[in-house]
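K.L.:
Taking the hints into account, I'd like the entire structure generated from these sequences.
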Amino acid sequence: MRRLLRMDLTQLVFTAVLSFLAAFMLLPIVFIFMQAFKPLSELFLYPPRFYVMNPTLDNFSQLLMSVDASVVPAVRYLFNSVFTSVVTVAVVVVVSTMVAYALSKHNFIGKSTILNMTIMALMFAPQAVIIPRYIIVQRLGIIDTYFAHVLPLVAAPVSVFLFKQFVDQVPDDLLAAARIDGASEWHILFRLIYPICRPALSTIALLTFQSAWNTMEPSIYYIENEAMRTLPFFLGTLTSGLANNVAGQGAAAAAGLLMFLPNLIFFLVMQNRVIQTMAYSGIK
Amino acid sequence: MKMETPLQRAWRVRIKPHSVWAKLNLVAKRIWQDRVSYLMAAPYVLAFVTFILLPVLGAIGLSFTFYNMIETPRYVGLMNYIYLFTEDDVFMTHVLPNTFTFAVIVGPGGYLLAFLLAWVIAQLPRRIRTVFSLALYTPSMAAAVAMSTIWLVLFSGDRVGYLNSFLLGLGVITEPINWLHSTQWLMPVMIIVTLWSSMGVGFLAMLAGILNVDPQLYEAGKIDGVKNRMQEIYYITIPSVKPQMLFGAVMAIVNTLQAGAIGVTLSGQNPTPNYAGQLILNHIDDFAFQRFEMGYAAAISVVLLIIVYISSKLAWALFGPKEGE
Numbered sequence: 000m001r002r003l004l005r006m007d008l009t010q011l012v013f014t015a016v017l018s019f020l021a022a023f024m025l026l027p028i029v030f031i032f033m034q035a036f037k038p039l040s041e042l043f044l045y046p047p048r049f050y051v052m053n054p055t056l057d058n059f060s061q062l063l064m065s066v067d068a069s070v071v072p073a074v075r076y077l078f079n080s081v082f083t084s085v086v087t088v089a090v091v092v093v094v095s096t097m098v099a100y101a102l103s104k105h106n107f108i109g110k111s112t113i114l115n116m117t118i119m120a121l122m123f124a125p126q127a128v129i130i131p132r133y134i135i136v137q138r139l140g141i142i143d144t145y146f147a148h149v150l151p152l153v154a155a156p157v158s159v160f161l162f163k164q165f166v167d168q169v170p171d172d173l174l175a176a177a178r179i180d181g182a183s184e185w186h187i188l189f190r191l192i193y194p195i196c197r198p199a200l201s202t203i204a205l206l207t208f209q210s211a212w213n214t215m216e217p218s219i220y221y222i223e224n225e226a227m228r229t230l231p232f233f234l235g236t237l238t239s240g241l242a243n244n245v246a247g248q249g250a251a252a253a254a255g256l257l258m259f260l261p262n263l264i265f266f267l268v269m270q271n272r273v274i275q276t277m278a279y280s281g282i283k
Numbered sequence: 000m001k002m003e004t005p006l007q008r009a010w011r012v013r014i015k016p017h018s019v020w021a022k023l024n025l026v027a028k029r030i031w032q033d034r035v036s037y038l039m040a041a042p043y044v045l046a047f048v049t050f051i052l053l054p055v056l057g058a059i060g061l062s063f064t065f066y067n068m069i070e071t072p073r074y075v076g077l078m079n080y081i082y083l084f085t086e087d088d089v090f091m092t093h094v095l096p097n098t099f100t101f102a103v104i105v106g107p108g109g110y111l112l113a114f115l116l117a118w119v120i121a122q123l124p125r126r127i128r129t130v131f132s133l134a135l136y137t138p139s140m141a142a143a144v145a146m147s148t149i150w151l152v153l154f155s156g157d158r159v160g161y162l163n164s165f166l167l168g169l170g171v172i173t174e175p176i177n178w179l180h181s182t183q184w185l186m187p188v189m190i191i192v193t194l195w196s197s198m199g200v201g202f203l204a205m206l207a208g209i210l211n212v213d214p215q216l217y218e219a220g221k222i223d224g225v226k227n228r229m230q231e232i233y234y235i236t237i238p239s240v241k242p243q244m245l246f247g248a249v250m251a252i253v254n255t256l257q258a259g260a261i262g263v264t265l266s267g268q269n270p271t272p273n274y275a276g277q278l279i280l281n282h283i284d285d286f287a288f289q290r291f292e293m294g295y296a297a298a299i300s301v302v303l304l305i306i307v308y309i310s311s312k313l314a315w316a317l318f319g320p321k322e323g324e
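Read top to bottom, the protein sequences are chains X and Y. First residue of the first sequence: 0, per numbering that gives the first Met the number 0; consecutive thereafter. First residue of the second sequence: 0, per numbering that gives the first Met the number 0; consecutive thereafter.
Simulated from the structure, these hints should not be mistaken for laboratory data. Source: prediction; values computed, not measured. Not one of these hints is a red herring.
Only pairs whose alpha carbons sit at most 25 angstroms apart, straight line, appear in this in silico DSS-like list of lysine-lysine:
(1) X:LYS104 <-> Y:LYS28
(2) Y:LYS312 <-> Y:LYS241
(3) Y:LYS321 <-> X:LYS283
P.N.:
Here you go:
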């Protein structure tokens with residue numbers, strides 16, 4: 000009984016501390032919602048007020064409807080973002096699961112090299128070697144094309160690693176049985192591994208979407224044609240000089256919210272699968 | 000298990016081939032036999048070589064040259080490195096110390112925080128646990144550029160800024176602080192903003208790892224004389240979640256690296272005011288895309304890669320699998 004009480008007390012303290020912290024963490028997120036729905040009069044308010052009194056969609060319409068002949072409309076950036084992210088997710092999932100399955104269940108010369116390099120590359124950050132990457136993209140002749148948005152993201156060590164860890168859990172006997180029934184390796188991958196590893200599949204799709212959706216790298220370095228750039232880049236142009244431009248703050252917040260919401264919604268839908276996958280993320 | 004073919008058997012028992020030619024032949028046959036595996040790996044390997052391996056090798060190669068994007072690269076030996084460490088005052092007096100401060104607090108600091116929070120959350124009942132883990136993970140999903148719209152307004156330098164107005168109202172400060180353009184405050188703001196968004200995949204991995212520790216281990220620990228929670232963490236939790244902690248550490252390193260542009264995002268200029276928030280990544284960008292000294296920028300990249308490599312070795316030494324594990 001005393002032990003039970005002590006447990007509850009610690010839990011109570013933990014809950015209190017975490018509630019405080021969670022509130023702090025969520026504050027900026029709540030603020031972006033508030034800001035995005037504020038009418039102009041409330042953006043100009045002094046002293047500034049955190050919450051919104053008369054929510055309006057003005058900022059969104061200002062953002063999306065502005066069709067100036069000289070500039071690219073926001074909808075175009077949005078389309079580019081959606082299109083390139085969806086294509087990237089599809090390509091990365093197929094490419095990563097193929098190699099992950101081979102690395103997990105096959106035995107071939109060079110396998111350990113690929114695996115070790117992948118683990119090394121888990122901490123690869125493209126920004127660090129942006130110059131040679133730029134030169135390669137240029138030599139490939141894909142500057143100003145959608146390929147420049149997709150191809151640099153295709154090598155996704157984190158996705159490969161997470162999926163491989165999950166496939167490792169699939170019993171070999173199951174695969175052997177399928178092979179005896181005459182299933183080809185492709186059949187096993189798409190018809191057996193995919194359904195079993197659905198949590199990992201969702202997780203790598205989610206992580207890939209987030210990185211593709213958030214990245215500014217292609218738009219900044221590989222794209223010169225304004226009409227081929229994506230939403231994060233557009234947002235970047237909106238925020239420059241924002242501190243002195245109160246009228247622009249609402250539209251920028253609306254664009255920021257537009258950037259953030261898809262990530263949040265996809266994660267909410269898939270969170271259980273993500274947690275399930277992460278349990279096998281350990282590097283052994 | 001795959002059915003063993005005579006060829007694989009030959010490979011396994013290592014029948015000595017008679018000549019180098021026969022050996023090569025055997026290897027070729029084996030590769031042909033595993034062609035499905037190679038086909039499956041090919042797209043990834045191709046992309047990996049093109050966009051990860053070649054850029055790294057390219058950076059190393061370029062770092063020994065003078066290259067301005069117009070003329071062909073000219074070999075200059077170690078000149079770039081010598082200049083970097085002996086004459087680049089900005090690098091030695093601002094960039095390196097800044098990077099060190101930022102990386103130590105955000106990297107190991109953020110990592111410890113993530114582990115601690117994951118552990119605390121794991122002690123709570125299931126329902127509350129989900130809410131808290133979601134609350135802590137959510138910021139990491141917001142792209143830096145999406146949040147910059149918020150930070151710029153929150154930390155705005157005049158009295159209309161939300162933080163300034165709030166603090167002035169409380170009487171904590173008497174003058175509005177120019178958070179994002181002051182030499183004194185830019186770095187703290189950068190660190191807070193980065194820590195705020197650092198509870199990402201690594202945090203989730205450690206949380207999942209802690210939740211998956213077999214409860215029987217704790218029972219057994221109690222019998223073996225584990226007295227309090229600190230001992231429990233040290234003797235049971237950490238050894239059990241070591242693999243996830245290694246993954247978390249790797250993610251912490253890459254996050255710290257990727258957050259390196261935050262100073263420029265917040266202050267809106269590169270170089271940052273008085274180089275107060277200048278990190279290695281900004282220094283690379285500065286030389287590469289504003290001064291077009293690609294060879295020199297590549298040398299800075301190589302130094303950064305070496306720092307990352309050493310950090311990873313450290314993480315491996317701490318959490319990596321030991322002999323016999």
